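> Heads up: the protein sequence lines correspond to chains A and B, in order. Position one of the first sequence corresponds to residue 1 (the numbering used here), numbered consecutively onward. Position one of the second sequence corresponds to residue 1 (the numbering used here), numbered consecutively onward.
Don't read these hints as lab results, they were simulated from the structure. Note that the structure is a prediction, hence the values are computed from the model and not measured. You may find that some hints are simply not true.
Given that identical chains are not distinguished, each listed pair holds provided it fits within a single copy or across any two copies.
Stated by the list, open to error - Subject to a maximum C-alpha distance of 27 Å in a straight line, what follows is the list of computed DSS-like cross-link-like pairs (lysine-lysine): (1) Lys360 with Lys107; (2) Lys107 with Lys233; (3) Lys253 with Lys233; (4) Lys312 with Lys135; (5) Lys107 with Lys141; (6) Lys117 with Lys64; (7) Lys117 with Lys253; (8) Lys311 with Lys94; (9) Lys311 with Lys64; (10) Lys94 with Lys128.
There are 2 protein chains.
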Amino acid sequence: MKENRIHNFNAGPAALPLPVLEEIRDSFLDLNNCGMSVTEISHRSKWFDDIINDAVVRTKRLLKLDDRFHVLFIQGGASMQFAMIPMNFLPDEKTADYINTGTWSTKAVKEVEIQGKKVNIAASSEDKSFSYIPKEFQFTKDAAYVHITSNNTIKGTEWASFPDTDGVPIISDMSSDFMSRPIDMDKFGMIYAGAQKNIGPAGVCMAIIREDMLEMVPDTLPSMLKYTTYSSKNSMYNTPPCFSIYVIQLVTKWLEETIGGLDKMEQLNKAKGDLLYGFIDSSDFYNATAERDSRSLMNVTFRLPDEDLEKKFIEEAVENGLGGLKGHRSVGGCRASTYNATGIESIEALVGFMKDFEQKNG
Amino acid sequence: MKENRIHNFNAGPAALPLPVLEEIRDSFLDLNNCGMSVTEISHRSKWFDDIINDAVVRTKRLLKLDDRFHVLFIQGGASMQFAMIPMNFLPDEKTADYINTGTWSTKAVKEVEIQGKKVNIAASSEDKSFSYIPKEFQFTKDAAYVHITSNNTIKGTEWASFPDTDGVPIISDMSSDFMSRPIDMDKFGMIYAGAQKNIGPAGVCMAIIREDMLEMVPDTLPSMLKYTTYSSKNSMYNTPPCFSIYVIQLVTKWLEETIGGLDKMEQLNKAKGDLLYGFIDSSDFYNATAERDSRSLMNVTFRLPDEDLEKKFIEEAVENGLGGLKGHRSVGGCRASTYNATGIESIEALVGFMKDFEQKNG
């Protein structure tokens with residue numbers, strides 16, 4: 001932990017890599033000797049072109065995307081995508097399959113219903129309080145798409161592998177595990193991610209969409225709600241969220257040049273998960289809430305023997321420089337979000353504190 | 001001009017106050033001793049609550065808003081507002097009046113038409129290439145609202161006073177003159193502004209909406225496209241664009257504490273305009289393109305005797321530390337955007353350069 005910096009276990013907005021933050025700070029008044037802040041340059045300038053193009057190229061390399069995929073930057077977060085996806089990809093006569101694994105997928109379903117379109121819940125883990133990822137699915141024949149949430153921030157579950165949908169494109173909300181591991185894109189028509197967990201600050205959502213999906217987009221949509229508006233203008237039909245895209249560029253650069261790509265990132269995340277889950281499993285004081293085969297490497301949710309101890313745990317953690325360990329307000333308990341930028345040294349500090357706390361209170 | 005900083009005449013994203021940029025830089029790794037960057041704190045934290053609430057309170061004080069007005073932060077820029085306004089405020093059976101004064105109002109009209117709703121062009125200055133603000137209007141009786149664009153960034157025109165609409169609420173796109181002068185809010189049902197010209201970086205649009213307007217919002221809209229979603233949750237139904245809102249907070253603080261409010265800001269902007277327009281009017285070499293009574297204090301558009309000279313002018317300006325003087329790609333010519341953060345010393349430097357250039361090339 002660097003002087004004045006805490007170990008940050010926030011669920012999002014969340015920790016960013018320290019070298020990225022330092023680069024932003026050091027060039028904040030004068031980006032690349034242009035005499036302006038990155039917040040003051042025109043989005044039509046050479047400087048910004050370099051930023052957005054580099055962010056796209058690095059994303060394509062990191063995710064091994066072939067030429068069929070468009071990399072887009074859209075405002076409004078994943079919640080705006082919940083509405084745009086059925087607007088763009090779900091014709092009135094068709095059905096979309098949704099797999100319900102928690103709060104966010106429930107909200108995604110709600111936005112289809114608001115539009116009066118047909119949605120089928122192909123599987124749900126609501127019966128056990130969303131503590132697992134389903135393995136059985138009732139897919140609609142010829143569905144427009146299958147929507148999943150690859151990682152569930154609140155319940156601490158994550159898809160280990162993706163379902164076979166017999167050629168129906170999967171659309172996945174990857175907000176909380178985007179770029180935390182390699183992904184085989186063959187099954188996906190679209191993946192999207194609010195930036196504020198793994199790749200940048202709040203204020204931009206990345207959407208990666210396969211070319212053939214764009215042919216389904218109706219002409220009649222409002223310009224800003226139509227994916228083709230973004231794909232045809234390199235996400236610059238109007239002024240994009242320049243600063244957020246700039247940070248994403250720096251984070252993708254960090255992923256490539258400092259970490260060494262998504263295989264390496266996954267190894268590091270697995271090592272972090274082994275350490276933290278390993279300790280929790282060895283203890284009778286702490287209990288992980290997600291089923292073992294559905295555990296998330298991004299959000300480790302756990303409980304203590306009672307709520308008073310949880311409150312004390314979170315308070316004392318803050319006093320010890322460990323922030324963001326409170327569970328989501330809708331479920332309580334504790335949660336350590338361990339995104340890409342949270343290093344193993346933070347997990348070691350957390351486990352050390354947990355041991356100490358158990359000894360004093362167990 | 002501070003070392004390494006240019007005189008920034010960008011049309012947007014545009015200059016920000018130097019003390020604001022310095023404060024962002026200095027606290028970028030550790031906001032208010034919380035041990036995190038402003039880009040890493042939770043939007044549900046006390047730290048972010050303080051930021052967004054302060055931005056709202058300062059906005060209300062600066063614009064002298066009474067309790068009827070809600071101050072909202074929405075993603076997608078003014079272009080998203082072009083679509084949301086008719087979705088929220090224009091029932092199918094009613095007509096909206098639009099006054100067409102340039103590129104952006106033309107786009108606003110197009111978004112009403114895309115939705116298949118009724119729009120009446122109550123006035124247009126297209127007959128003279130949008131070089132003036134109309135004075136005669138053909139309003140619809142009982143229109144849902146009258147939409148105007150208070151400042152036209154591309155054509156360099158600005159409304160000096162606002163039309164009498166017989167009680168029909170005016171909705172104004174104020175992206176390019178927001179907080180550049182005091183506004184009598186009595187006529188307005190809503191004003192909105194993409195932040196990236198006068199009050200912050202790209203990535204957030206401020207919308208100020210009168211309470212009674214919100215009663216018109218249909219229940220059936222997608223959550224993220226409904227103004228009541230923002231008004232009922234202090235703009236935090238989902239993760240807001242935290243960094244952009246933080247910069248707005250600092251800019252409104254600068255407007256209040258350093259400038260001394262919008263009356264003072266207007267005086268400064270008028271002094272800048274007097275200096276620049278005064279010089280242009282005294283010269284036969286430079287010609288202002290907007291009609292005199294419609295001139296903008298934010299975007300000063302002018303031509304030189306021919307396009308070769310304009311090209312040379314823009315190039316030599318850059319060499320002299322004066323950036324962003326190229327006119328919009330759709331109209332050519334030159335444009336000096338002189339928003340709040342562009343100080344009189346930048347105008348003096350520009351006028352000095354213009355005199356010099358005229359002497360050598362006139």
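> Hint by hint, note whether the structure agrees.
How the hints compare with the structure:
For the identical chains of this complex, Lys360 and Lys107 are neighbours neither inside a copy (41 Å) nor across copies (65 Å), given an alpha-carbon limit of 27 Å. Taking the shortest Cα distances, Lys107 and Lys233 sit within 27 Å of each other only across copies (16 Å), while inside one copy they are farther apart (29 Å). Taking the shortest Cα distances, Lys253 and Lys233 sit within 27 Å of each other inside one copy (23 Å), while across copies they are farther apart (36 Å). In this homomeric assembly, Lys312 and Lys135 never come within 27 Å of each other (Cα to Cα): the closest approach is 37 Å inside a single copy and 67 Å across copies.
For the identical chains of this complex, Lys107 and Lys141 are intra-copy neighbours only, at 24 Å inside a copy versus 41 Å across copies, given an alpha-carbon limit of 27 Å. When the C-alpha separation of Lys117 and Lys64 is checked against a cutoff of 27 Å, the pair qualifies neither within a copy, at 34 Å, nor between copies, at 44 Å. When the C-alpha separation of Lys117 and Lys253 is checked against a cutoff of 27 Å, the pair qualifies neither within a copy, at 40 Å, nor between copies, at 46 Å. In this assembly of identical chains, the alpha carbons of Lys311 and Lys94 never lie at most 27 Å apart, being 48 Å within a copy and 55 Å across copies at closest.
In the homo-oligomer, the alpha carbons of Lys311 and Lys64 never lie at most 27 Å apart, since the shortest distance is 43 Å inside one protomer and 42 Å across protomers. In this assembly of identical chains, Lys94 and Lys128 lie within 27 Å of each other by CA distance neither inside one copy nor across copies; the values are 30 Å within and 49 Å between.
Consistency with the previously given hints fails for numbers 1, 4, 6, 7, 8, 9 and 10, ordered from lowest to highest.
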